[in-house]
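Dock chain D against the given chain P, drawing on the hints supplied.
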Amino acid sequence: MARLQEKVLTSNFNFKESPFKIKYRKYLHAAVDILSRLKKYPLAFVGLIVLVVYFLMAVFAPFLCPHDPAESNISIRLKPPIFLGGDWSNPLGTDSIGRDLLSRIIYGSRVSLLIGVITVSISVVVGSSLGAVAGYFHGRFDALLSRLADLLLAFPFLIFTIGAMAFMGPGFWNLIIALSFKSWVEFYRLVRGEMLSEKNKEYVEAAKALGQNDFTIILSEIMPNIFHSILVLATLRLGYLIVAEASLSFLGLGVPPEIPAWGSMIQSGKNHMMNAFWISTLPGMALVVLVLSINLLGEGLRDILDPRLRID
Amino acid sequence: MKKRDVSWVVVLIVLLMFSLVLVGGCGSKQEKSAQDSSEHKEVMVEEGGGTIVIALNTDSIVTFDPANYRDRETETILRNMFDGLVTRSPDGKVVPQIAESWKALSPTEWEFKIRKGIVFHNGEVLTAEDIVFTFNRIIKEGAINGQTAARKGLLGPIEQVEATDEYTVVFKLKEPFPVILQALCHQQIIPKDYYEEVGLERFLEKPVGCGPFKFVEGKLDDKVIMERFDDYYGGSPEIPPVGPPKLKRVIFRMIPELSTAVAALKTGEVNIIQRVPEDMIEDLKQDESIQVKEAKGTRVYAIEINNKMPPFDNPKVRKALNHAIDMDKIIKELYKGYAVRLPGPMLPYAFAAHPNLEPYEYNPEKAKQLLQEAGVKDLKVVIDTEPFREEEALVIAEMLKDVGIDASVRKWEWSVLKAKMKEGSRQIYLTDWGNAYLDPFDFLNPKLKTGGRGNYSFYSNPEVDELLEKAGKEVNDEKRKELYYRAQEIIYNDAPWIFGYAKISVEAATSNVKNWRPSMDSRENMHDVYIEE
Numbered sequence: 001m002a003r004l005q006e007k008v009l010t011s012n013f014n015f016k017e018s019p020f021k022i023k024y025r026k027y028l029h030a031a032v033d034i035l036s037r038l039k040k041y042p043l044a045f046v047g048l049i050v051l052v053v054y055f056l057m058a059v060f061a062p063f064l065c066p067h068d069p070a071e072s073n074i075s076i077r078l079k080p081p082i083f084l085g086g087d088w089s090n091p092l093g094t095d096s097i098g099r100d101l102l103s104r105i106i107y108g109s110r111v112s113l114l115i116g117v118i119t120v121s122i123s124v125v126v127g128s129s130l131g132a133v134a135g136y137f138h139g140r141f142d143a144l145l146s147r148l149a150d151l152l153l154a155f156p157f158l159i160f161t162i163g164a165m166a167f168m169g170p171g172f173w174n175l176i177i178a179l180s181f182k183s184w185v186e187f188y189r190l191v192r193g194e195m196l197s198e199k200n201k202e203y204v205e206a207a208k209a210l211g212q213n214d215f216t217i218i219l220s221e222i223m224p225n226i227f228h229s230i231l232v233l234a235t236l237r238l239g240y241l242i243v244a245e246a247s248l249s250f251l252g253l254g255v256p257p258e259i260p261a262w263g264s265m266i267q268s269g270k271n272h273m274m275n276a277f278w279i280s281t282l283p284g285m286a287l288v289v290l291v292l293s294i295n296l297l298g299e300g301l302r303d304i305l306d307p308r309l310r311i312d
Numbered sequence: 001m002k003k004r005d006v007s008w009v010v011v012l013i014v015l016l017m018f019s020l021v022l023v024g025g026c027g028s029k030q031e032k033s034a035q036d037s038s039e040h041k042e043v044m045v046e047e048g049g050g051t052i053v054i055a056l057n058t059d060s061i062v063t064f065d066p067a068n069y070r071d072r073e074t075e076t077i078l079r080n081m082f083d084g085l086v087t088r089s090p091d092g093k094v095v096p097q098i099a100e101s102w103k104a105l106s107p108t109e110w111e112f113k114i115r116k117g118i119v120f121h122n123g124e125v126l127t128a129e130d131i132v133f134t135f136n137r138i139i140k141e142g143a144i145n146g147q148t149a150a151r152k153g154l155l156g157p158i159e160q161v162e163a164t165d166e167y168t169v170v171f172k173l174k175e176p177f178p179v180i181l182q183a184l185c186h187q188q189i190i191p192k193d194y195y196e197e198v199g200l201e202r203f204l205e206k207p208v209g210c211g212p213f214k215f216v217e218g219k220l221d222d223k224v225i226m227e228r229f230d231d232y233y234g235g236s237p238e239i240p241p242v243g244p245p246k247l248k249r250v251i252f253r254m255i256p257e258l259s260t261a262v263a264a265l266k267t268g269e270v271n272i273i274q275r276v277p278e279d280m281i282e283d284l285k286q287d288e289s290i291q292v293k294e295a296k297g298t299r300v301y302a303i304e305i306n307n308k309m310p311p312f313d314n315p316k317v318r319k320a321l322n323h324a325i326d327m328d329k330i331i332k333e334l335y336k337g338y339a340v341r342l343p344g345p346m347l348p349y350a351f352a353a354h355p356n357l358e359p360y361e362y363n364p365e366k367a368k369q370l371l372q373e374a375g376v377k378d379l380k381v382v383i384d385t386e387p388f389r390e391e392e393a394l395v396i397a398e399m400l401k402d403v404g405i406d407a408s409v410r411k412w413e414w415s416v417l418k419a420k421m422k423e424g425s426r427q428i429y430l431t432d433w434g435n436a437y438l439d440p441f442d443f444l445n446p447k448l449k450t451g452g453r454g455n456y457s458f459y460s461n462p463e464v465d466e467l468l469e470k471a472g473k474e475v476n477d478e479k480r481k482e483l484y485y486r487a488q489e490i491i492y493n494d495a496p497w498i499f500g501y502a503k504i505s506v507e508a509a510t511s512n513v514k515n516w517r518p519s520m521d522s523r524e525n526m527h528d529v530y531i532e533e
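Chains as they are written, first to last, in the working numbering: chain P, 1 to 312; chain D, 1 to 533.
These are calculated hints, taken from the structure and not from any lab test. Positions of the beta carbon are idealized from the N, C-alpha and C atoms, including for glycine. Don't take each hint at face value.
Partial selection, computed: residues in chain P whose CB lies under 7 Å from chain D [what the hints assert, rightly or not]:
1) ILE76
2) SER96
3) ILE97
4) PRO257
5) GLU258
6) ASN271
7) ASN295
With a straight-line cut-off of 35 Å between C-alpha atoms, the simulated DSBU-like cross-links for lysine-lysine are [said to hold, decoys possible]:
8) LYS329(D) x LYS270(P)
9) LYS270(P) x LYS401(D)
10) LYS270(P) x LYS332(D)
11) LYS219(D) x LYS116(D)
12) LYS270(P) x LYS418(D)
13) LYS219(D) x LYS270(P)
14) LYS270(P) x LYS296(D)
15) LYS411(D) x LYS270(P)
If we strip away everything but chain P, and leave its shape as in the complex, we get (with noise of 0.2 Å):
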């Protein structure tokens, strides 16, 4: 952490780079920074390594399925999996109503990643922004934003969602205001403290000193310093909102039921738990096996970047 202040102190001072190249090679050299350090760390490396699999899978997901995952054929319902006593044509078998679960799991994670993605990187744009305006200035606009916060965070978090999700329907973009409305409300805060410690330090006052202005200051001299901390945070909640969208399918308040879901495999398999229990079960285990690297990776580079945040 040290060294990277102090990398970007000295690079302010560089007047003959062009401001954005400055801050694109600023970001460059802390991914990569990250990067050598996570090897050190290995099981944030391997839930690395899953994510990125998973991302494929999501991406490539029309050229790795046997089937159209909508396409049933009843007369092959309920069919076991390879390891017991399936056979290949659907190598995770089928579901209640003859559809092909391993076409249908690799579209789930289409769902999943990009509910979780979009809710966080919006959780992120507008939680930081407001986070630092109210931060930066701290005047009757942080008073009024966070108690605001302050109410939205008295609500469980779920309720919320399924209240909202009650109210609006089913629906891909109404899933992802549901989470939003609320879940911008961590990084707000989290953005808003840190943006109260460091406007205070030296380099602001440098900043400040040499005549630049205040939006100047808050986009390339304070946010490149607690830009770690907005990432491990966003890590951590991506799992959350992950399992958050996965309950919600799974109540039916979630993705509308053509498109194929984690949460609403879960809940399709639930009344076969007794006679077809994969249904349910490898939804779920793609569920937690995703989650977990997530979280893998989210621990590991909290230790890298912010051992602050640390709990032990």
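Using the frame of chain P, we list chain D on its own:
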């Protein structure tokens, strides 16, 4: 390093203690259950009988008031504590219970002779007064503390009930009511004096009837416990054996999840479960400690179409939908053959079911052609269903896609779906309707007559209305049949629904349950049942 060793020791100790607790817990539990069963045995030797536990597929029944509910689960429980004037044998035949005999004095006047020597659980003797009181509470507006009984609708044109002497009752009707005996099977008699003395509140806390079991304790959303009534008059002479029940205790438990109920049956925690999921029947049949039995179902499952909404107001489109669905395949694969396909709207074993209708043939080509003739292109539909028929709805959506209709499925809770259907804002919906009377009067009238209370398809054909109207007033069975046949032919050709199926109701019990079989009306009358040691 040293610190690490210490922590390992701590972990080991914790694990050891945990496993000790587990072992200890198991041991004492076993001991306790052994004790329990020996105590239990003593009780049984003394009093005979035993306890039976029945799982009901609901999260809560409605009430303990025999006049104020409409669901079958509540009836199933109440029927063991309350008897009716008449009842139904497991095959659906109407037999006497409290009434000894009856005759129709005229098409609008029925006389019932009451059996002598019947007492209620509190010792009160049952007379004609109690019958009159019970029925007045149901048919008079606002008779239950200002509220009108939910069961009033089931008694149709019954206008007045009079006691002509201590053991004779006469029912007076506004108009002929051909299914009056079937309707009376669903009404349970309560004691006048007790009810008037304690009032509604306390009656609900401790309901008193004259049925084979008396109420001990119970909560609507948990379980209801009842005990043998030793002074029981014996029940219907036409359903032997007659006499006091053999069981000591009957417990009904509400278990809304079917898979939970199956698991509870397998462990012996419950003795009887209803609505065994089709996919588990084979598995349960393999189990020697479990018996699986079937009864004909009295519920019609169909796919209703909104007949008012274009393009479904065109009979060609509705016929096309009938041709597009491979109902036989759905029955064979999804319901494992535990359903009977219906060619038209009615149950094949109901009175006046048309014997010569042929089910619409599965023929996607013909369906496409009919849609083309009707000028339908790029049709998009949403199929609505309750959660328990979601799989069927998804399969139907796939079949509709094969004939070029873009179909998707939406799941609803019944109460919400019902409101939406009645608004007329939905397109195609999977519904079911009970026909326990096995008579079209109780089925075609509510479902397919203009403005019928269950006419969710908004089907309206003046000719059918007239035929149903006439048949409802006709006393001659042969003539009634002819009228209903004609009505069914018209309905078949109009195809207001995608005609569906009747499920065979499959129930399972532990093998020590004797003299038990499922009823067509899905009641569980425990009077004749016993548990073998």
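To see whether the hints hold, each was checked on the structure:
1. ILE76: violated, 9 Å
2. SER96: holds, 5 Å
3. ILE97: holds, 5 Å
4. PRO257: holds, 6 Å
5. GLU258: Since chain D brings a Cβ to about 5 Å from GLU258(P), closer than 7 Å, the hint holds.
6. ASN271: At 6 Å from the nearest chain D Cβ, ASN271(P) passes the 7 Å test, so the hint holds.
7. ASN295: For ASN295(P), the interface hint is violated, since the closest Cβ of chain D sits about 23 Å away, which is over 7 Å.
8. LYS329(D) x LYS270(P): holds, 24 Å
9. LYS270(P) x LYS401(D): holds, 27 Å
10. LYS270(P) x LYS332(D): holds, 22 Å
11. LYS219(D) x LYS116(D): Holds, at about 33 Å.
12. LYS270(P) x LYS418(D): Distance ~25 Å between LYS270(P) and LYS418(D) Cα, so the pair holds.
13. LYS219(D) x LYS270(P): holds, 27 Å
14. LYS270(P) x LYS296(D): It holds: about 27 Å lies between the C-alpha atoms, which stays within 35 Å.
15. LYS411(D) x LYS270(P): Holds, because 16 Å separates the two Cα atoms, which is no more than 35 Å.
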